[in-house]
Amino acid sequence: MQSFSDQELVSGVLQGSPTHQAALYQQFSVPMFRILLRYAKDRTEAEDMLQDGFLRVYRDMVQFRGDGALGGWIRRIMVNTALSHLRKHRDFVRDVPDLNVFENQLRTEETFSSNLDAETLLQYIQKLPPGYRAVFNFYAIDGYSHEEIAEMLGITIGTSKSQLFKAREYLKKMMDKSFVQHR
Amino acid sequence: MTEQQANNPIDNLFRETFENLPDTPAASGWDQPSDRVWQNIQSNIQPAPKTWGMKAWVLLAGAALTLAAGIYWIVATPDSSVIPASTPPQNEQTVETPAAATPETTQTTTVQEAKPANTGKQPAKSVSKPGNTVTRPGQPEKTGAQPLPGSKTTLPPNSTEAQKNNSGGNN
Chain A
1 MQSFSDQELV SGVLQGSPTH QAALYQQFSV PMFRILLRYA KDRTEAEDML
51 QDGFLRVYRD MVQFRGDGAL GGWIRRIMVN TALSHLRKHR DFVRDVPDLN
101 VFENQLRTEE TFSSNLDAET LLQYIQKLPP GYRAVFNFYA IDGYSHEEIA
151 EMLGITIGTS KSQLFKAREY LKKMMDKSFV QHR
Chain B
1 MTEQQANNPI DNLFRETFEN LPDTPAASGW DQPSDRVWQN IQSNIQPAPK
51 TWGMKAWVLL AGAALTLAAG IYWIVATPDS SVIPASTPPQ NEQTVETPAA
101 ATPETTQTTT VQEAKPANTG KQPAKSVSKP GNTVTRPGQP EKTGAQPLPG
151 SKTTLPPNST EAQKNNSGGN N
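Protein sequence lines correspond, in order, to chains A and B.
FYI, this note's numbering numbers position 64 of the first sequence as 64, with every residue one higher than the one before it.
FYI, this note's numbering numbers position 75 of the second sequence as 75, with every residue one higher than the one before it.
Same shape as in the complex, but just chain A (with noise of 0.2 angstroms):
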């Protein structure tokens, strides 16, 4: 397969050059498809997420400006892709009122080391509640704020932060089952 930059992709997309768009998605679709596999609950729901990426993609490519890279930008339209996924179901997030009971329990001097690789850390994300794998995601990998998560899944700040905390119990109950150090 050929490679093309960032600029020679945009224009043969916006051409409908079907050579830039094969080239588009063979150069994306894995380091897209291992973000979406973090927010789908499997393997199947994260190429259906995929493909409606893909498809904005094309779809929007006229309105990529050029000043940021464009694979930042395919990513941004695919974590917005997964949080679409998200809001079909209803009440994925559930409202825990007691915030400070959980913020009090954060146990920041643990470390852990692990030689897990990607896909096992990867199957215990997918078997979290979906808000809690959806906070987890969004606040621990991609670095969104609990402002930014309330306001992208309709929850409050307070409810972003309890989800955070019980995915990381939830996390470390499965590491522990699974022989994971942790001191």
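Incorrect hints may have been included.
What the hints assert, rightly or not - FRET-style restraints, in silico, Cβ to Cβ:
(1) A:G72 / B:T24: 18 to 24 angstroms
(2) A:V62 / B:T77: 41 to 47 angstroms
(3) A:V62 / B:V75: 47 to 53 angstroms
(4) B:M54 / A:E147: 51 to 57 angstroms
(5) A:R56 / B:G70: 40 to 46 angstroms
(6) B:Q32 / A:G143: 23 to 29 angstroms
(7) A:D6 / B:A61: 42 to 48 angstroms
(8) A:E148 / B:V58: 52 to 58 angstroms
(9) B:G70 / A:S17: 41 to 47 angstroms
(10) B:A61 / A:R56: 44 to 50 angstroms
(11) B:I71 / A:Q7: 50 to 56 angstroms
As the list claims (entries may be wrong) - If you want the footprint, here are the derived chain A segments under chain B, 3+ residues with CB under 8 angstroms:
(12) 23-30
(13) 50-64
(14) 117-131
(15) 159-173
Think of the hints as simulated: they come from the structure by calculation, not from any bench.
Note that the structure is a prediction, hence the values are computed from the model and not measured.
Glycine included, each C-beta is placed from N, C-alpha and C at the ideal position.
Start from chain A and add chain B according to the hints.
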């Protein structure tokens, strides 16, 4: 990424693992989407097939034919706005000549009482033949326009009959 976000060990473990993945897909293939995804995308982003162009031409030709037939129909149909040569019954005055009136040879002459204003067209004179007088059902017969035999008929002064009578009287 805030400081608090960077301090949590579980967050760090997951973030670093997923951020440091190699560019190439894993040998196990867990991070590679199936071919079905690209096939579906391709079918959605492909330009319209050429057969659609044929369909469009057929539809266009059909529309043009329909339009042409419609225009022909409009042009070929007689103008319905032209008023037919018939006069309304209330504007007519029937004058019968009682002297020559026999049951077999009754002459009925219809005289136009007044011309319709602003029509721009010359109203046609209609002469009803004996026995052809049409009376609409349910409509009362206008007896006032049909004088009794032997009675004098009042005619408008500028009518032909009146002029005839006048000229006959003078002679």
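For this session: Please name the hints from earlier in the document that this structure breaks, with their numbers sorted from lowest to highest.
Result: 2 and 10
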